[in-house]
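Participant: Spelled out, the chains give:
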Amino acid sequence: GAGVSQSPSNKVTEKGKDVELRCDPISGHTALYWYRQSLGQGLEFLIYFQGNSAPDKSGLPSDRFSAERTGGSVSTLTIQRTQQEDSAVYLCASSYVGGSSYNEQFFGPGTRLTVL
Amino acid sequence: GDSVTQMEGPVTLSEEAFLTINCTYTATGYPSLFWYVQYPGEGLQLLLKATKADDKGSNKGFEATYRKETTSFHLEKGSVQVSDSAVYFCALFRPSGYSTLTFGKGTMLLVSP
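The listed protein sequences derive, respectively, from chains A and B.
Using this note's numbering, the first residue of the first sequence is number 1, and each one after it goes up by one.
Using this note's numbering, the first residue of the second sequence is number 117, and each one after it goes up by one.
Since the hints were made in silico from the structure, they are not lab data.
Just so you know, not all the hints are guaranteed correct.
Listed next, the in silico DSSO-like pairs over lysine-lysine satisfying Cα-Cα at most 27 angstroms (straight line) [unchecked claim]:
no., chain 1, residue 1, chain 2, residue 2
1, A, K57, B, K221
2, B, K172, B, K193
3, A, K17, A, K57
4, A, K15, A, K57
5, B, K221, A, K11
6, B, K221, B, K172
Given these sequences and hints, build the entire structure.
Facilitator: Have a look at this one:
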């Protein structure tokens, strides 16, 4: 079956513009995660969805970042008024269930965002 | 809070050399520990895991043992190949109710023929 897919694979934008990043999780996976991979910073957790709700938004770096998930499937990460420090690779992952038991997270290839 | 510290890279080795990438963690309770690998141009893949103290995870010739007394989960391979060149991430999962992974910063491994 298909893995986690993300689009676009690359996005170049100008400072101050809004961007939307999309994630299609593996079919049937109820949990979805967004991470950010910055040079020299490793992977930072951004937000976690269980179904359509986000019980953990603690990683969102500012109120310019928001995310939603509809139909328990596709998720969109939106960054408003982009800044150069937002340049990074944004990774999405999904797992069969979330909660207190670990279930393997499967990662997408990421979206490379460059803010000029 | 939880944290993972791994050795900085790049680690440069010749083919068939022995590999160790150090990883230590800080977390309350009893986390599960993981190594993920990211090959050039690809997404992260789970390489191996260990869910309790003294467990040894292994896959593709790589091994790591969960050492609670030293809070470590060092990655080892006896004989690396050029195809092992990638970035390796150590991570932990603590069952606090949310399913988030805490990652180290990653270690790049470069293997030359």
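Participant: Evaluate each hint against the coordinates.
Facilitator: Results for each hint:
| no. | hint | result |
| --- | --- | --- |
| 1 | K57/A / K221/B | 21 angstroms, holds |
| 2 | K172/B / K193/B | 13 angstroms, holds |
| 3 | K17/A / K57/A | 23 angstroms, holds |
| 4 | K15/A / K57/A | 24 angstroms, holds |
| 5 | K221/B / K11/A | 23 angstroms, holds |
| 6 | K221/B / K172/B | 22 angstroms, holds |
In summary, the structure agrees with every hint in the numbered list given earlier.
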